[in-house]
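Undergrad: Spelled out, the chains give:
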Amino acid sequence: MGKAVTRLIVFIFLTVSLTACANKIGVRKDFKRANFEIGKTTKKEVIDYLGLPQKIMKYADGREHYFYPGAARLTGLCIGCGDVSGRVGVISSAVSQAAVEDGAEYIFTSNGVLVAKYE
Amino acid sequence: MLRVIVLLGVALLSACVTPPMSPESARTLKSGKSAVAFYDVTERINYIEDVYLVLGVAQVASESVYSGIWNSNKDLSAMHAEELAKIGVRVRSVYDALSEAEISGFTAMQKELYALNTSGQDTSAIQLKPLHRDLLLQKGFDYLFWLNWSGYTLHIKTLGLPSLETSNTEYWIFDLKKNSLLWHGTIRATDRLRIKGKGKVFLEKDDLSGLKTEVTKLTKEIYKSGTNRGYRSESVIKKIGLE
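The listed protein sequences correspond, in order, to chains G and H. When we follow my numbering, the leftmost residue of the first sequence carries the number 1, and every step to the right adds one. When we follow my numbering, the leftmost residue of the second sequence carries the number 1, and every step to the right adds one.
Treat the hints as calculated values from the structure; they're not laboratory data. Do not take every clue at face value.
[What the hints assert, rightly or not] Taking CB as the label site, the calculated pair distances span: (1) H:Ser225 <-> G:Asp102: 44 to 54 Å; (2) H:Pro162 <-> G:His65: 32 to 42 Å; (3) H:Lys196 <-> G:Arg63: 31 to 41 Å; (4) H:Pro19 <-> G:Lys40: 32 to 42 Å; (5) G:Arg63 <-> H:Asp122: 35 to 45 Å; (6) H:Pro19 <-> G:Ile107: 48 to 58 Å; (7) H:Lys196 <-> G:Glu45: 22 to 32 Å; (8) G:Tyr59 <-> H:Ser124: 13 to 23 Å.
By construction, the Cβ of each residue, glycine as well, lies at the ideal position given by its N, Cα and C atoms.
Bound conformation, chain G alone (with noise of 0.2 Å):
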């Protein structure tokens, strides 16, 4: 029973790893190689590299942050079986978590150049 126990905690820890470091639904984490320039790329010349942001925060000013996740986070898993149901929420967190870290964030003017790149 015990040893049953461990080898599944090790294959959920293996799952949930490689899981976190694939690159799935075609999310991009390559953002050095694009090599984006301030104060000369557009937000559309992002868009086109990137694709869309995962989330987009406006301000007054007419500043837009775009924020790009590292991964796609994980939401469920199921063992043994061929579709997901089940979920797992703390693991689902800590890899949500560490996506953001590795993600980028670029702030744009109102006439939509960068100004700012955090990578």
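Starting from the structure of chain G, add chain H where the hints point.
TA: What follows is chain H alone, placed relative to chain G:
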């Protein structure tokens, strides 16, 4: 005992389903002038992907926001107006009938209406503000189709299974003259999809051309008559009763 359980089950299921309008109400609606307003509260694409891991399946998710990038309210209002017209409703998008300033006020009203709906209020409490109801009446409209949705969801499957695309559109049909709700319910559109390329790229590239194509396809599906709709899509004609 079994009979009681079956009856309770049937009662519970039927309580969740809004019956279609009566043929007379549908005829009256079709003879009047209707406006369509789509309110995209999510302004995002929802992605889900199943990941095959030999001993099991994991599921990952992500979202892509198009707020300020695609004017989905205007495009989706026009799309639904076009399809409603095809099934005999005399209809115009509010974006073609109202000025820019009027649209701005109307959008703010929709935001409040949506918040009221999600706060758990009874549907009878969901009413248009007199200012906006009067505005539509002045423009000659008798009814308003107010629509919102859960957003477009793409579920990428594993093991060679086709992906699934889904959208659930909530319909609120208001009788402007009587200031009452004529019909309310949700209509699901689901279809199978073979993804060209890698995940989200095919939907988002070229100014969201893939997303716009798929949303148009799903919208057209729910307005089709008969049983030739996409995989598990519901029918506007049948569900609302617009025969």
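Undergrad: Would you mind marking each hint as holding or not holding in the structure?
TA: Taking the hints in turn, this is what the structure says about them:
no. : hint                              : verdict
1   : H:Ser225 <-> G:Asp102: 44 to 54 Å : 49 Å, holds
2   : H:Pro162 <-> G:His65: 32 to 42 Å  : 36 Å, holds
3   : H:Lys196 <-> G:Arg63: 31 to 41 Å  : 35 Å, holds
4   : H:Pro19 <-> G:Lys40: 32 to 42 Å   : 59 Å, violated
5   : G:Arg63 <-> H:Asp122: 35 to 45 Å  : 41 Å, holds
6   : H:Pro19 <-> G:Ile107: 48 to 58 Å  : 51 Å, holds
7   : H:Lys196 <-> G:Glu45: 22 to 32 Å  : 23 Å, holds
8   : G:Tyr59 <-> H:Ser124: 13 to 23 Å  : 39 Å, violated
When each numbered hint is compared with the structure, violations occur for hints 4, 8.
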